[in-house]
Amino acid sequence: MKVLSPSRAAILLAISAALYCSTQTFAQTTKAVDGTGTQSQGAESAATAKIRLTRKNAAYWEVTFNNPPFNIVGPAEVRDLVKILDEIEADRKVKVVVFDSALPDYFMAHYDLLKPLTDSTEMTPGPTGMHPVPDFMVRLSRLKAVTIVSIRGRASGIGSELALAADMRFASREKALISQFEVGAGFAPGGGPMARLPRLVGRGRALEILIGADEFNGELAERYGYVNRALPDAELDGFVDALATRIASFDRQTIVDTKNLVDLASLPSDAESQTGWDTFLTSVQRPGAQARVKALIEKGLGQSGEIESHLNQSTAEFKE
Amino acid sequence: MKVLSPSRAAILLAISAALYCSTQTFAQTTKAVDGTGTQSQGAESAATAKIRLTRKNAAYWEVTFNNPPFNIVGPAEVRDLVKILDEIEADRKVKVVVFDSALPDYFMAHYDLLKPLTDSTEMTPGPTGMHPVPDFMVRLSRLKAVTIVSIRGRASGIGSELALAADMRFASREKALISQFEVGAGFAPGGGPMARLPRLVGRGRALEILIGADEFNGELAERYGYVNRALPDAELDGFVDALATRIASFDRQTIVDTKNLVDLASLPSDAESQTGWDTFLTSVQRPGAQARVKALIEKGLGQSGEIESHLNQSTAEFKE
Amino acid sequence: MKVLSPSRAAILLAISAALYCSTQTFAQTTKAVDGTGTQSQGAESAATAKIRLTRKNAAYWEVTFNNPPFNIVGPAEVRDLVKILDEIEADRKVKVVVFDSALPDYFMAHYDLLKPLTDSTEMTPGPTGMHPVPDFMVRLSRLKAVTIVSIRGRASGIGSELALAADMRFASREKALISQFEVGAGFAPGGGPMARLPRLVGRGRALEILIGADEFNGELAERYGYVNRALPDAELDGFVDALATRIASFDRQTIVDTKNLVDLASLPSDAESQTGWDTFLTSVQRPGAQARVKALIEKGLGQSGEIESHLNQSTAEFKE
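Going line by line, the protein sequences match chains R, W and L.
Using our numbering, you'd call the opening residue of the first sequence number 472 and step up by one each time.
Using our numbering, you'd call the opening residue of the second sequence number 472 and step up by one each time.
Using our numbering, you'd call the opening residue of the third sequence number 472 and step up by one each time.
Just chain R, same shape as in the assembly (with noise of 0.2 Å):
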């Protein structure tokens, strides 16, 4: 298999930067973008309102995401996100955090494809030297605190890949639709869903997620493993702070040894992360996806309900 080396794929971005100007967006839209009504607006100034960090008690902490309508995440969440992460790993007593929505019908869209693409490349690396997303991730796995992610409503891309990047998922039966609609959309998934996907689930499932790029509802995720199991809305909330309760109990670093030896045998390497964003940022620059993100974007991604809801249909409708 041919993989991008991460200095190759600096050379490839650095000839896609000359090609597309620096304000080039994610997909270069005849639509104009007003930012009205789209997750984009007010990102520095109002971090806590839009990803609410709550300390339940010492031991236990819950990251709920609040920024209607889609919850969807770029540059200035990702920054956010950053900062809690360097929160969690700093204390001393966390055990245990929750991640949940505050929105009923989206845990979390997909990563916002409106800002143009140099808002994120031009990104500060985190500590790891990957690029924030991918260095994001790979720290949520080997945090200290066990994480648990409590999936209502949509969760695709980067929804879906932070919650497999976390420790444990659990969906409402009902409400949960979970996704990686990257490849529908002409680019490949970058947030680490090829590394981690076959090894959760099988080569065979994986593949079905992330090259269907369909929608799994509760039930069927979990037959898939790809949560760890569905729950009845009603239950699911309870389930998972009974859980997460449990656990506070427990003896941190207990907790933290134990983790340590099933990441010893469960964690990708950092390296397959790096080459899963490398591989996502040159095919995002291609004009396949370049393409399809446009007629995404004039149908309204990111800003119109009716699309989001049915983003798995609507990839499949481009002609090519």
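There's no promise every hint is true.
Copies of the same chain are indistinguishable here, so a pair counts whether it falls within one copy or spans any two.
In silico lysine-lysine, BS3-like type, Cα no more than 30 Å apart, as pairs [claimed, not checked]:
id, residue 1, residue 2
1, 770, 554
2, 646, 564
3, 527, 790
4, 770, 790
Everything labelled a hint here was simulated from the structure, so no lab data went into it.
We have chain R; now place chains W and L onto it with these hints.
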């Protein structure tokens, strides 16, 4: 664990070839095999009839096994499969290939054990340097095109192995019966399932499938992760066609990039496939295998629907 | 990830041995443990009664745990298990070994925490050079004979670990309750589940089992892949016996060859098992573990059916 190096296997094979004359069948049987009603006639002249390649459109191809009564695969059919593989590899537009059967009761019974073993061992190695059977399997897994196997009826031995080497597997809930019967017949499977099944379904279920050597219906195959999903028989064809059509609408290079990274995380090495083939070759020539295969051929293996549809029971009836 | 090298672990253990006197129990408890009603008496003299080896025929053996009331395993029972393992290893005809319990409510409760820790740490290493517990586990996995575990009642700690180290696991749908309770008791499991569970059930479910440290009934254990299958209690014994009888009818060398290749694709290294054992030893001697185990022993751990049947609740009641 002691595994055979290729060179050691070659020596063993040479010794075996000296011990067993060049017209040795897989099992030396006292029963005359006249070929009537078997899979073995006309392989060279009717390749397109026995294994049919249909280009539904430039991006979506279908390979249909139509070799009644059991879709048994022997050296001639392997050559046909390799030719089709060559075509898929060489094409620059195909994105997805569906493998299915024209026979309602058999996806693919198993490898042809009536032919002389030397017909198989003397085949010219493929581009990977391996025998055409393991060569086909590893090249099938690495195709740029996505491969989807639709299983209705029995898939055993090489039928199961082909399904496992493909990217995704869907089964008829009512009519699929999947198995690796080989251990029951006294020899180790040769097409890679010891490498693939543990990575797909975990060690415990892999050992049960391989060493229990019994049949798994669609529902149980799904529960075990042996197939992606079992669908009601009436929905299977429509589901697979819709998925293939969907994938065929996506960007080809994006599919390739994504699959490459999944392969990196999930495919066994070629060396592991070679070792599996060597183990098969050594085991099938031992007296234990010869006696068991002979007993099965005398009962009608490869010739009678009665034994083919009760192969899992017949293997357990042998008295040492 | 920081893991202990064997030599570093030996130093730590030596320090621990100096800090904790040679008669240290697993937890220094103020409650007198008189042994009445516990698992610990008569270990040396009644080995065949506590762990019973039955040769059903030359090819099919059965190992039955019969150490009421809980089938607790301590140093003496580990020695008994190793003797049986030696017999299985030395025999040239045995093809399949079933492990089950004569007690309706317990397959195997957990390791004996009432004995002095030095009774365990001073045991002579096994042929792998490891302590007899990890030595037993890795040798169990590599037996030429196929091993099948039939789980009825509770299997926790070393009971779960023995099941995971065996080749296949079947559970009573109504009566099996499987768990790794250790993290709840303040120490990391020592018999290899951090190495085995992620490979068997994926990282997310492995972390839930290990760090949630709660019980899984037969049905959920099957859904997670923790066991091969859960069967109605009335069918469990017949199913396991039929599978073992079937395997016993097959060619022994073919079983060995096939299992060897599955092992190559699926078994963790001995180094990983050693690291798991070192982590257990270090963690169980920390004050956090000592306090939790002491509290559990005071409630009746290893002595009272009341706490043994609510161990998953008791572990979460500890106040730091």
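Against the structure, the hints come out as follows:
1. 770 x 554: Result: close neither inside a copy nor across copies, 33 Å intra and 43 Å inter.
2. 646 x 564: neither (33 Å within a copy, 38 Å between copies)
3. 527 x 790: So residue 527 and residue 790 pass the 30 Å test across copies only (17 Å; inside, 50 Å).
4. 770 x 790: within (14 Å within a copy, 56 Å between copies)
Going through the hint list in order, the structure does not satisfy hints 1, 2.
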